[in-house]
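J.: Residues per chain are reported as follows:
4 protein chains.
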Amino acid sequence: MTRKIAILGASGYTGAELVRLIATHPEMEIVALSGDRKAGMAMAEVYPHLRHMDLPELCRIEEIDVAGVDLVFCALPHATSQAVIGALPAEVKVVDLSADFRLRDPAAYEAWYGKPHSAPELQKEAVYGLTEFYREEIRGARLVAGTGCNAATGQFILRPLIAAGVIDLDQIILDLKVAVSGAGRSLKEHLLFGELHDNVFGYSLGGRHRHLGEFDQEFSRVAGREVKIQFTPTLIPATRGILATAYVQGEAGAVHYALADAYMNEPFIKVLPFGAAPSMKDVRASNFCHIGVVEDRIPGRTIVVGTLDNLTKGSSGQAIQNANLMLGLEETAGLMAAPVYP
Amino acid sequence: MTRKIAILGASGYTGAELVRLIATHPEMEIVALSGDRKAGMAMAEVYPHLRHMDLPELCRIEEIDVAGVDLVFCALPHATSQAVIGALPAEVKVVDLSADFRLRDPAAYEAWYGKPHSAPELQKEAVYGLTEFYREEIRGARLVAGTGCNAATGQFILRPLIAAGVIDLDQIILDLKVAVSGAGRSLKEHLLFGELHDNVFGYSLGGRHRHLGEFDQEFSRVAGREVKIQFTPTLIPATRGILATAYVQGEAGAVHYALADAYMNEPFIKVLPFGAAPSMKDVRASNFCHIGVVEDRIPGRTIVVGTLDNLTKGSSGQAIQNANLMLGLEETAGLMAAPVYP
Amino acid sequence: MTRKIAILGASGYTGAELVRLIATHPEMEIVALSGDRKAGMAMAEVYPHLRHMDLPELCRIEEIDVAGVDLVFCALPHATSQAVIGALPAEVKVVDLSADFRLRDPAAYEAWYGKPHSAPELQKEAVYGLTEFYREEIRGARLVAGTGCNAATGQFILRPLIAAGVIDLDQIILDLKVAVSGAGRSLKEHLLFGELHDNVFGYSLGGRHRHLGEFDQEFSRVAGREVKIQFTPTLIPATRGILATAYVQGEAGAVHYALADAYMNEPFIKVLPFGAAPSMKDVRASNFCHIGVVEDRIPGRTIVVGTLDNLTKGSSGQAIQNANLMLGLEETAGLMAAPVYP
Amino acid sequence: MTRKIAILGASGYTGAELVRLIATHPEMEIVALSGDRKAGMAMAEVYPHLRHMDLPELCRIEEIDVAGVDLVFCALPHATSQAVIGALPAEVKVVDLSADFRLRDPAAYEAWYGKPHSAPELQKEAVYGLTEFYREEIRGARLVAGTGCNAATGQFILRPLIAAGVIDLDQIILDLKVAVSGAGRSLKEHLLFGELHDNVFGYSLGGRHRHLGEFDQEFSRVAGREVKIQFTPTLIPATRGILATAYVQGEAGAVHYALADAYMNEPFIKVLPFGAAPSMKDVRASNFCHIGVVEDRIPGRTIVVGTLDNLTKGSSGQAIQNANLMLGLEETAGLMAAPVYP
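Chains as they are written, first to last, in full-length UniProt numbering: chain A, 1 to 342; chain B, 1 to 342; chain C, 1 to 342; chain D, 1 to 342.
Watch out, some of these pointers could steer you wrong.
Claimed, not checked - Restraint-style ranges between C-beta atoms, simulated for each label pair:
(1) C:M53 / D:E29: 24 to 32 Å
(2) C:E57 / D:A90: 48 to 56 Å
(3) B:P26 / C:M41: 56 to 64 Å
(4) B:E330 / A:Q171: 52 to 60 Å
These aren't lab readings, by the way, just hints derived from the structure by calculation.
For every residue, glycine included, the Cβ atom is placed at its ideal position computed from N, Cα and C.
Could you put together the complete structure from these sequences and hints?
T.: Listed below in structure tokens is the structure:
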């Protein structure tokens with residue numbers, strides 16, 4: 001039985017990625033697409049690459065009749081999700097791709113996002129959407145909060161190490177090389193081709209990136225004590241992908257074992273043989289995450305490299321993986337397409 | 001019933017693209033992969049993006065037992081296919097992705113490729129693999145010759161115009177913007193990142209590109225008289241895709257009608273509304289081809305723009321589309337994945 | 001004696017390119033920089049690559065005291081130059097980089113730019129800034145109108161052929177591959193990295209690009225009859241450069257001779273040996289233009305390929321070349337830096 | 001009086017960059033160019049961007065008459081310089097751009113480069129070419145060893161910190177984002193456009209990169225004790241530039257002061273205001289190096305970001321800066337061209 005899907009905010013990159021993935025999903029059918037500023041347009045006008053699909057016209061959120069909708073993907077800008085999701089009927093399942101429900105603590109939300117949360121009840125209810133670590137809670141959830149794409153990448157390589165106690169919790173440095181689509185289709189000068197092409201630059205340096213809120217919350221939870229990492233994202237001239245380099249202090253063999261063990265049966269997370277490191281393009285346009293561990297020449301120092309596609313495993317693919325669980329479908333349904341290379 | 005597939009030459013880009021597409025094909029199973037220089041290696045070593053798949057090791061062609069194989073994709077370098085395919089048992093179906101069987105006339109083959117054909121009997125038997133125009137012959141064929149990727153692009157936009165008699169056959173100019181993967185994974189100086197990045201340059205200028213042999217053969221056949229076009233490919237700094245700009249002399253409305261009419265029921269070829277033109281990335285990593293028609297300010301002049309992904313619709317996707325027909329499967333099986341954008 | 005220079009509109013790409021070139025110009029000194037929306041900022045804040053230079057702060061145009069200024073470069077948006085230049089004292093020399101004074105005929109201006117010209121007297125006075133063809137008039141001019149970058153590229157390869165009478169004037173097709181900086185630093189969706197990277201698309205197709213006004217004006221003037229060409233620009237994922245492919249009907253040897261002869265003594269225009277074609281990156285960040293001629297396989301058809309950097313030879317370098325003449329300096333002063341490769 | 005210059009190994013990227021820079025150098029003249037595999041070719045055939053220059057033909061090293069040559073730039077592959085420089089007359093000044101004379105200790109050389117040094121006498125004589133720190137020794141040197149481009153970047157941001165004693169010497173992590181031209185024009189699969197475009201990957205991970213030999217030598221020397229840093233380079237899809245992110249433990253204000261103080265009077269090294277960080281393209285194609293310091297949210301942790309163009313300040317520009325000193329010229333002669341942006 002096909003599940004009826006609505007996507008709110010379908011005119012952004014994560015919305016378009018949801019549509020792309022659902023195009024070949026065996027058990028999902030898109031019945032409504034919203035895109036306020038582009039309401040009334042065909043999806044093929046906004047995203048001509050979806051021209052071959054028979055899709056509903058973009059409409060305004062209010063125009064959507066959610067009766068009969070099994071699940072709503074909410075890909076709206078940060079801070080607007082709160083009101084919209086609060087207004088949905090309680091029986092509709094929701095996967096939110098914004099940052100609105102990632103942090104459980106209202107104080108933390110306010111600290112990182114600069115204003116109080118407007119739906120603290122929902123915030124309490126929401127399950128953090130890092131599938132591999134919240135699988136059972138997601139299965140029973142009504143509202144799942146998709147993680148930040150940087151936050152997902154960092155957690156995939158660091159959570160098992162923190163859990164296994166194989167690294168020094170006070171000496172974790174996470175250097176992320178980030179492709180541009182994570183910033184969305186927004187008109188900002190530094191996102192222009194002329195600016196970013198042949199260029200590389202850091203942003204939110206010094207611990208000001210909001211995904212640190214997720215790291216703090218999750219790593220402290222796993223460790224059972226406060227953990228604060230250093231996290232620096234650097235924008236690189238590519239469209240899709242995040243490559244994370246983590247500098248940790250711990251024995252490389254133990255680090256590799258902890259990761260290999262944690263992900264042994266995971267369909268999407270692949271740990272490479274000891275000493276090998278992945279390339280960002282190895283997972284492009286797919287729901288896979290590749291992780292490698294390399295021993296440094298300095299004893300006790302280890303480098304962990306992880307990569308995923310920010311729009312897929314880091315956002316819309318993760319959202320569908322969670323939706324599959326929430327709808328009682330096969331977790332991997334619609335997500336096994338191989339990465340696109342070259 | 002799953003069909004058993006062998007891929008010869010799996011270590012090149014078109015071989016890897018075949019594997020990628022078959023990864024989610026509902027009725028094909030890869031049973032053998034050859035890659036002579038990489039024999040003995042796991043596919044994941046040669047192409048780490050295929051790490052999640054359970055694939056046979058790369059072997060030498062001689063090691064493959066073709067008994068039980070339903071279809072062989074032959075993605076070997078030009079000129080080596082002839083001997084290899086000649087040595088296969090007559091009952092095995094073959095889709096060849098090289099240039100070896102594209103030209104029917106041995107003299108034309110020798111003129112464009114510089115040496116006599118070594119398997120003229122097979123050359124006679126081979127069906128030209130431009131699916132949309134040879135569908136019925138392909139269905140019954142034992143050996144299908146995949147087209148050149150530039151040749152496919154040019155034919156999709158020009159064949160219906162020649163057939164409909166709506167353009168001047170002596171004034172056809174085809175200017176192709178070509179991404180680099182069409183040249184394969186070969187070590188040539190002009191294919192280095194340092195050389196091609198931020199660069200654009202023509203190659204095989206002046207009518208020396210070998211795909212002209214296909215244009216001459218096919219366009220003359222359609223027209224019932226000799227047709228020679230001007231064709232200039234220009235390499236652009238992108239990985240996948242061909243964008244063709246055709247300058248024709250004919251009335252724009254009639255040109256658009258001829259294309260819209262020809263492709264009305266085609267699942268993969270989409271003709272845009274009159275006056276609109278496609279972008280190369282609209283079809284990336286997919287089997288779709290988008291075509292647009294624009295009227296020039298000079299009366300009687302028309303610009304036709306077409307685009308496809310050279311590795312998919314221009315090569316490996318086309319090959320699977322043909323194989324689907326040869327094996328009695330749904331023509332679109334495994335090929336409906338949406339383009340990857342952005 | 002150093003000449004005092006003011007740059008109006010220094011916060012755009014052509015303004016920044018003027019500053020870059022003047023940085024090593026032996027006889028020019030920047031005394032004022034305007035940038036209305038960025039007034040009050042240091043140039044190093046707007047363009048950190050100019051950090052090492054000792055430059056005046058960006059100010060508003062009204063704040064500039066033009067007394068003592070020898071020459072003003074006006075790099076303002078189209079349509080705003082007219083008023084600004086009209087308000088300058090008559091003794092100040094001006095090189096305008098906008099489109100405002102390129103067309104001599106007020107009717108042509110209105111047809112291409114959609115509104116009447118507001119300074120028709122200045123329009124009459126302005127000299128068209130294609131240095132190699134208007135050298136003597138530029139030397140004595142008070143106001144020089146810089147050409148469009150596409151217009152410059154097309155004229156460098158076609159003017160000598162039209163003048164020499166070696167090609168069919170009714171069968172000229174100009175296909176331009178254009179890097180993105182020609183569109184400036186403006187916030188438009190199709191100029192985002194996420195959109196243009198790995199992409200190629202045409203724009204202003206069908207003869208709607210405004211630089212056609214310049215082609216019509218200049219080619220008709222050279223030919224002594226009306227000449228209308230077909231001109232299609234295609235945006236390619238690169239930052240700087242234009243590569244033009246012209247399809248002409250005329251004997252290749254005669255075409256090559258006409259070009260080689262026309263540019264024999266030009267310091268910046270280099271005609272390659274017969275049969276060779278240039279690459280776009282061969283002239284990057286320089287004031288050079290390379291031109292090649294290739295004979296087509298169809299008798300009487302010839303392909304001419306030309307390339308220049310749109311920001312340098314196509315705009316700011318050309319402006320300095322003209323300013324050198326107007327100021328009685330060596331024409332090549334400050335412009336002999338070699339292209340940047342790779 | 002113009003100095004006569006010979007360049008050995010002019011067919012590589014650093015050789016071509018030397019020629020590009022000397023093109024506008026007021027007091028250098030190229031009298032000989034060698035390029036063994038391309039001997040007999042014009043430089044314009046190997047590097048068409050140098051077409052406008054009047055250059056000697058590429059020849060074999062043996063064909064060069066060094067009598068009358070004031071200085072030789074030796075841009076040969078690693079390990080071949082030793083023999084070639086040993087055979088030059090003792091009175092000829094030499095700037096070597098290879099790795100052959102960077103390490104003073106023969107044992108260190110053998111450890112990092114895998115074979116004994118064949119010219120240990122020259123090795124002793126060679127001055128390490130990091131101009132800003134060896135200025136006086138370079139002025140009097142006969143043989144100067146150009147630094148590694150990664151080694152230069154790391155030293156510019158870390159040397160003053162080690163010298164000033166403001167950071168923990170045992171907790172230095174250097175994460176480099178490296179453009180591809182540092183690898184030269186060599187035919188390697190991972191350097192193909194199809195592989196690197198839209199891709200990012202680490203190399204020589206875990207402390208295996210040879211430039212660590214230079215870091216060990218220099219940092220230990222500055223500190224007066226052994227210093228070993230962690231250093232990981234990541235290849236990014238750009239042509240020119242290195243952006244270094246250093247993670248250090250020390251008070252950010254002291255770090256910024258140490259850098260600002262060290263480079264206060266340096267013409268090429270620019271320290272940004274506290275809290276700002278540079279972008280890689282801010283120095284492209286120039287001899288400048290920009291450095292920024294950002295305080296982390298974790299007290300006592302500081303991030304230092306530095307950037308330079310690997311081919312210019314990291315290699316050929318540095319070489320000319322050193323040659324200027326050796327020849328008694330102005331140190332900045334020929335090197336003040338502004339970076340090329342965008």
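J.: Hint by hint, which ones does this structure get wrong, listed from lowest number up?
T.: none
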